[in-house]
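Number of protein chains: 2
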Amino acid sequence: MNNNWILTVKTYNREKRASMEPVFSLGNGYMCSRGFFDEEQDGLLSLGGIYMAGIFGLARYTPWKGKGRELVNTPNFYSTKIFADNEAVTVDEEKISDFQIQLDMKTPKLNRSYVWTSSNGNKLRLEFERFISGSDLHTAGQKICITPIGCAPTIRIEVGINADVTNLNLVSSEPLPVQPGVKHLNLVYQDTNCILAEIRGYEDVAIAEGQKVSFKTPHNAEGLIHSTSNDCRHIFEYRGIENKCCEIEKIVYVYTSKDGEKDPLFRVKKLLEAEACYQEKLKEHKAAWNKRWEVSDIVVEGSEEDQISIRYNILQLIQSCPEHNSKLSIGARGLTGEMYEGCIFWDTEIFMLPFFTFTNPKAAQNLLKFRYHTLPEARKHAERNWFKGAMYPWQASEKGIEQTPLGVGAYYSIHIVADIAYSIMEYWNATRDEEFITEAGAEILIETARFWESRVHKNPFSGKYDILAVRGPNEYGVIVNNNLYTNMMAQQNLILAKAIIQLMKEKYSAEWEQLKDKIGFRDEEISRWDDIIENITLCYNAELDLYEEDDMYLSRVPLDMKKAKPTAKRIIDTTIPYEGLMLYQVTKQADVLHLMKNLHWRFTHQQKVNAWEYYVPKTCFDSSLAYSIHAVMAAQIGLHEEAYNYFKICANFDIRNVLLNTVSGLHFANFGGTWQAVVFGFAGLQVDEDHIKISPRLPNAWNSISFHIWYRGNLLKISVSKESTEVFLKKSNGKAICLKASNTEFILDESNNYTKLSMNGDQ
Amino acid sequence: MNNNWILTVKTYNREKRASMEPVFSLGNGYMCSRGFFDEEQDGLLSLGGIYMAGIFGLARYTPWKGKGRELVNTPNFYSTKIFADNEAVTVDEEKISDFQIQLDMKTPKLNRSYVWTSSNGNKLRLEFERFISGSDLHTAGQKICITPIGCAPTIRIEVGINADVTNLNLVSSEPLPVQPGVKHLNLVYQDTNCILAEIRGYEDVAIAEGQKVSFKTPHNAEGLIHSTSNDCRHIFEYRGIENKCCEIEKIVYVYTSKDGEKDPLFRVKKLLEAEACYQEKLKEHKAAWNKRWEVSDIVVEGSEEDQISIRYNILQLIQSCPEHNSKLSIGARGLTGEMYEGCIFWDTEIFMLPFFTFTNPKAAQNLLKFRYHTLPEARKHAERNWFKGAMYPWQASEKGIEQTPLGVGAYYSIHIVADIAYSIMEYWNATRDEEFITEAGAEILIETARFWESRVHKNPFSGKYDILAVRGPNEYGVIVNNNLYTNMMAQQNLILAKAIIQLMKEKYSAEWEQLKDKIGFRDEEISRWDDIIENITLCYNAELDLYEEDDMYLSRVPLDMKKAKPTAKRIIDTTIPYEGLMLYQVTKQADVLHLMKNLHWRFTHQQKVNAWEYYVPKTCFDSSLAYSIHAVMAAQIGLHEEAYNYFKICANFDIRNVLLNTVSGLHFANFGGTWQAVVFGFAGLQVDEDHIKISPRLPNAWNSISFHIWYRGNLLKISVSKESTEVFLKKSNGKAICLKASNTEFILDESNNYTKLSMNGDQ
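Each protein sequence line maps, in turn, to chains A and B.
Under the numbering used here, the first residue of the first sequence is numbered 494, with each subsequent residue one higher.
Under the numbering used here, the first residue of the second sequence is numbered 494, with each subsequent residue one higher.
Don't read these hints as lab results, they were simulated from the structure.
Predicted, not measured: the structure shown is a model, and the values here were computed from it.
Hints may contain errors.
Heads up, incomplete: computed chain B residues facing chain A, CB under 7 Å, no partners named [stated by the list, open to error]:
#1 Pro898
#2 Leu899
#3 Tyr904
#4 His950
#5 Leu961
#6 Glu1072
From the three backbone atoms N, C-alpha and C, an ideal C-beta is built for every residue, glycine too.
Whole structure, please, built from the sequences with the hints as guidance.
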């Protein structure tokens, strides 16, 4: 196996283990298991950490309105206990050696091994392997090998499914709280191989799980006892043979009452009756992933470390995407932790979506359909707040209901409404998905435009349209007026709504008539939008040729960043509480710069440079959303090596636990941002109305990158090196594609499906 | 007894009882008992509600920094149970008649009576009386009379002290939560007559209480059994005699380890050994209060209802003032409830202090000394937040530590710093208390001025000094820049600091040299202050001749007040959550108008009228602080009847439960505000640098008011009617006093100690 597919860790620190667990998560969009250790079953460690898309329980916190809910920690189907001469194997630093954990991203599977020394000096070599099937959503596998080294102790292995778990309740900063989380699962049935657990309170869900366990040994294990217990557990006890390995292989099946199965337990039991082989399942799984990687992979030449970390970011995005279900989306922490209770933010559309749009358009469509399914909720939300149209919630439950705790700013963080509209147009530009745009996209674009029409306020002095009391991407602004990001994205939302109406009228008039009736649209709305588009406040300082983050940013108190952020910890966790930050010129993450990334054509190169020079020193990078946008922007304004430095941080964000809060789940927006840094930043891919542009700015460390994208039904392979850009049209939809690179335009079609251009970059 | 000293309630509603309890509170500044019912001892009702000044325990909430603390509900020394033929007397609507509760404010004492009908039809007349001694801080009394009406049931009475109580945990809005609060008391000793309870966690406190119980009967009660129990309880059981009354009289003694007693239990036991008579204690108590009322009373002719409610407001102010201890102050809810955990806000200085300054200057000095004792904490608080001087906390613990829960805005509500400075100068003007001003006041004025010097920020565009990110008196502004109240009060703080330095240099040079060294003062600070005084941003619209609440108020979205506040409930409890309010033009309570009350000489009459007309329709009165300021200002701009309408609301604020949150304690700022409405509003008293001004504006309903004030060592009786103003110098400090009324100036001194002036008011 090529090393650049494998993420390896050879150090072990028991205290930091909880932070390492999410890094080694495996999943298939239906379920996801953190990289917890199979064999340790005490306290917090026994709780595992397996989450399933759309499986929620009632939470303790109070959201803005209604009931709080949270992702449920489902039964631990990797639950294992191992004993040697009645001594439990525990993974303590002083007892183990040769520790190694490897995430094989190609397969993908997780392998972990170490040598354990018992208190009487016996040594065992332990090897664990697991996968969550990429070919069958409902299947997972586990394999355990135990080899006594120079000894022959009595070994006992217990292999089960443990439904007696609570939520982990790990918060974002260390030290960790010791209190357990909510217990959501009620065990209603179990036998040796199956369990049925129910969740009640939020919505009723039944989860059935089954295990098929086999014991394989190259020798006839002396004194083998195989017993089954009253709970869901197999117990194997045998006399180990020196240097001989014993293997346990296990296949797990999972079904819930939300899968369209009337009786998920019956379904699981049926599956258990059939023959099944671990190696076979693993093979099918690997084959399915091979197909995914064909399109999704990015090959980097020049740095093995970067190659591994880029693949890691891609892997996690794919693993948490509920591609099987268009009514779900990806939470800020995916299915790898309980932070934000599995809620969906702008992270999905603005950070993750481009990856899916260009590598798996069907999955991208699904993510956007989530916003269409929850449009009625967004309408209700707008009405409840005395606005029109659709007000998408800042922190959406899987049903699209605002889940932000009261007082935390749901009322202000409204740029998400424009973000969703923007992402629909991005998707449309890249896919020309007529079905989606006419059936769902247009309606969202118009309803979000209506929201802005009702949310702007005509200033009685300036006559301009203000958007008051908002929180932009820079959350450390607390509450501001006329945040540039919000105002310009809202303006763009209105522009896009106009454009889509125009398109519908011209090309899809039947669908337009239907939609127009459905939402009661009248053309005079457009003239009101025009007035707002023309007259919205956009904070700009002409003297400095500087776009202003909001209408007071330049008047605030300069902040001594060294004093405010003496360590890697967030400012709000060390020196100034959140509520104290509004006084200062401090930016948590890209705000104006993020806007310039989104609406790049609206700013001159010099304005981007000016904004970079002004805002970067005032940015504290207290968000996982900060680095990738800075990487893209740095590349776009020609700061290749600065871009690379930011890329290094975001590509390794969770692996290095940059914000010290990986324990509560991986940062999925950052994964999407890493992909954007590579493809939009270094490769310089840009999709405009009528062409694709490629403007490579490779960092010194890299010789080349190559990747695939789907573009309007065509599959392109793009390879960029310092010397040349190559584009290969692998699948064509029949229409010619216009490409621009290094100020040269060229056309690809079925007959002329390859081009190579020498270049030095176009910056 | 004259009826206009008695607050009577004859209706009874069990559900609203908890809201009625604080209204009938009795206290002496050392301890305070809510008007809970002696005889009911189940559930929440058994918890009583007796709070002691400075007695705190560890609370559940997390304040801005450090540990949370809360007023402790101390042992219920009125704990009583009454049974007739083994049936417990409970005060249910269907079982009682002739209910009456009377607060005799002159004495003061609480009398309560009703006729109770048992399930077998026996009737008892029950009468309760209690007082908390005004002559001895450590003494309270209780009396119970039971008279069988036309029947002779067996009666059992249990009289004790119950230390098995938790905090009430009543929050501000109904319906009430059922969960109990924290249990702070650990009972470490008890016998029939005494208990010793300890509080640990916040600071260790021991509370000893003792009861001296006597059973008095006009007849030799047949079959009387008097037993004592293992706990602190006397049990009397006897055969009642038709229409004959039996009486229990009880005297209670309370000492804590914070009273300078090494062994408070020993002290209480000693007291119990001595003879003591209920009537005697009551007489001493009444005599002490007679003296208080001589100076503190306001006599109103024309409305008995107003007379009663004015006395009620005054009574509660006196009852909660810890006059015995200069290290304590009065919390926002006094000692009558647990809201805000007994914390001290600007309520004390800006609303309550004037009453004490003019009727009991020693008590006023004590309240200000609390701010001097906590000056070191305020300095630390400033430093912690990177400011200079003293930053008084918005919500101060009894140790002066910020207690505002994180996220609730402690960082913004900084006008309190200037409020304290302002109140010191008000006190100085009224008292010329040289000892206080030189030993404490000057230091506070300078340290608060230094705070502002560090908190203002020179705007790089306007060159003016901004105060950014604050919350003014209008808390519904959420966070604003350049709140006029804050900026102008800060400016005044700087002016006052300059003035006091001038005074010190001229008149108290030795003290000044000492202070100068102590705080490292240098004269160049003054020139920096001058620059700020000259150039601070004061939001003003010249076209409208309108002072602006903050720099965006006039640009915000107008609010439909009927839609936003359809009922008496606060907006934030019904239609718009707190975080949604910043969008709108909405004022919670007087803000610009309050500033105009404080710094009245800085505004023209027309500017006050303009502000009134602009802001009142935008004011939702969602604060107990709203009505009194509007009453004063309405009177001052000549809107007598509007003033009277506001006065009626504030004078009866808790009696009528206007904000529906009296359950969590009385509103002491409002009590002080009521006094100000009468004296500063209707009588038009104004103390300037060199004279007293009286500008009466009596409402139609009143014929006259008369009251006493202390003014620079002189005691004046002022009587104002529609026809004349009379001033009588009752005690003189030897120096002549200059009075102005109806544009006439006259001088009072020992030889010429009375004047009467016919007038029609001077507006």
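Now the hints, each set against the structure:
{"no.": "1", "hint": "Pro898", "result": "violated, 10 Å"}
{"no.": "2", "hint": "Leu899", "result": "holds, 6 Å"}
{"no.": "3", "hint": "Tyr904", "result": "holds, 4 Å"}
{"no.": "4", "hint": "His950", "result": "holds, 5 Å"}
{"no.": "5", "hint": "Leu961", "result": "holds, 5 Å"}
{"no.": "6", "hint": "Glu1072", "result": "holds, 5 Å"}
Checked against the numbered hints given earlier, the structure breaks only hint 1 and satisfies all the rest.
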